[in-house]
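> Residue strings, one per chain:
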Amino acid sequence: MTVWLIILGMGLITYALRLSLIALLGRITLPPLVQRGLRFVPPAVLSAIIVPELLLSDGALSLSLANTRLLAGIVAILVAWRTRNALLTIAAGMAAFWILGAVL
Amino acid sequence: MNARDEFLAGLRDGLPILLGVVPFGMIYGVLAIGAGLSLAQAQAMSSIVFAGSAQFIAAQMFRDGAPALVMLLTAGVVNLRHMLYSASIAPSLQHLSWRWKALLAYLLTDEAYAVAITHYARAETPIAGSQRHWYFLGAGLALWTTWQISTGVGIALGAQVPARWGLDFTLALTFVALMVPALRDRAAVGAAVTAGVVAVLATGLPFKLGLIAAAVCGIAAGLLIESRRTRPGGGR
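So the sequence lines, in the order shown, correspond to chains A and B. According to numbering that gives the first Met the number 0, the first sequence is numbered sequentially starting from 0. According to numbering that gives the first Met the number 0, the second sequence is numbered sequentially starting from 0.
Hints were generated in silico from the structure; no laboratory data involved. Beta carbons: idealized from backbone N, C-alpha and C, even for Gly. Possibly wrong hints are sitting among the right ones.
Stretch-level coverage of chain A by chain B, calculated; a stretch enters the list once three of its residues show a Cβ under 8 Å from a Cβ in chain B [claimed, not checked]:
hint: 1; stretch: 3-11
hint: 2; stretch: 15-21
hint: 3; stretch: 29-41
hint: 4; stretch: 48-57
hint: 5; stretch: 69-83
hint: 6; stretch: 92-102
Here are some, though not all, of the chain A residues that point toward chain B, as calculated from beta-carbon distances under 10 Å [what the hints assert, rightly or not]:
hint: 7; residue: LEU24
hint: 8; residue: VAL44
hint: 9; residue: LEU45
hint: 10; residue: LEU60
hint: 11; residue: SER63
hint: 12; residue: LEU86
hint: 13; residue: LEU87
hint: 14; residue: ILE89
Next comes chain A alone, as it looks inside the complex (with noise of 0.2 Å):
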C-alpha cells in the first residue's frame, strides 16, 4: 500500500512541477535567482547520484584498483565527454566493467 501511494505521490509532484508554469504564466513569475538555480540542478543532483556509486563500496570509501566500478566509472566519463553519446557511453562503462571484473 505504501509502495502504491509514493508512486502516486511521486507522480503527482512531477506533473505539478511540469504543469506549473504552463498554468501560471502570466501570474507569476520566477525569482531571478530559482531561474538561474535551476541550470544547476542536472549536474548537481547526477553527481550526487553518481560519485558515491562508484567511490563507495558497503558504504566505505574506496580508491584502490581493485574497485572496478570506479575504474569502468572513469571510462564512460572519458567516452561522454569525447562522443556525447549516451548509448555508447553506457557501451563502454558497461564492457570496461565486465572485463575489469573478470582480470583483476
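Guided by the hints, dock chain B onto chain A, whose structure is given.
Relative to chain A, chain B alone:
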C-alpha cells in the same frame, strides 16, 4: 500545416530519440523488479511518474528502503528541471484550452521538450491559431508509447537477468551519460564536483537525506561560481 500533418511530423521527429529511450526503459524495468517492486507497481510508475531519471532513483530508494517522505522530496528535487521546461514552453501554449495544457504538461519529458521547443523556435508563422500543439502531441505520444512498451519488456525480462551481470551499474553509467553534456562551463562543473563530494561525505546521514543535501550544496556552489565570474570588475 494542418493538425494531421503536424501530428505526423511530431511522430516522425520523435523517432530518432526513441532509439535512445528503448534501452533506458528496459534497464529501468529490470532494476525495478530487482528492487522488489511488483510487476504492476513497476509498470504503473512508468505511466504515473513518466520520468526516466526519477524512476531510476525511485527504484534504487525502494531497494534501500528509504522513508516515503524522503523519496517524495528526492523525486521533487530530481524533477525540478521540469519547471524550467514548463517556464520555457509556456508562452507557446498560452492560446490553448485547459484540456490541451493539462495533456501536454503530462507529456513534458526531457525528450519531448527538446523536440517541441526546437519546432516552436523554428516556426515563422504566429503561434496563435496554428496547429503546432498537434506536433507536440505527436512527439509526446511517440515517446510515451515507447517508454511504456520498453519498460514492459524490461519488467518481463527482470527476473531472468542474473545478479552477477551487475546490471545495476548501468544506473550510474546512464547518469554519467546524462550529466557530462550538462557540464558546459566552470559553474556547472563546480556544482557537480561539490554535489559529488557532499554526497560521499553525507552517506552517513539518516533517511537517505544525503542526495538532497548534496544537490542543495551543488546548486549553491554553481550560483556562487557564476556570480563571481559575472560580477563587474571581479575575476577575469
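> Next step is simple, just say for each hint if it's right about the structure.
Cross-check of the supplied hints:
1. 3-11: Our answer is that it holds, as 8 residues pass the Cβ test (under 8 Å) against chain B, meeting three.
2. 15-21: Result for this restraint: holds, n = 6.
3. 29-41: This one holds; 10 residues, not fewer than the three required, reach chain B with a Cβ under 8 Å.
4. 48-57: holds (count 8)
5. 69-83: holds (count 7)
6. 92-102: holds (count 5)
7. LEU24: It holds, given that the least Cβ distance between LEU24 (chain A) and chain B is near 4 Å, below 10 Å.
8. VAL44: holds (5 Å)
9. LEU45: holds (4 Å)
10. LEU60: Cβ of LEU60 (chain A) sits 7 Å from chain B, so the hint holds.
11. SER63: It is violated, given that the least Cβ distance between SER63 (chain A) and chain B is near 16 Å, above 10 Å.
12. LEU86: holds (6 Å)
13. LEU87: Since the shortest Cβ distance to chain B is 8 Å, the answer is holds.
14. ILE89: holds (5 Å)
Hint 11 from the list above is the single one not met by this structure.
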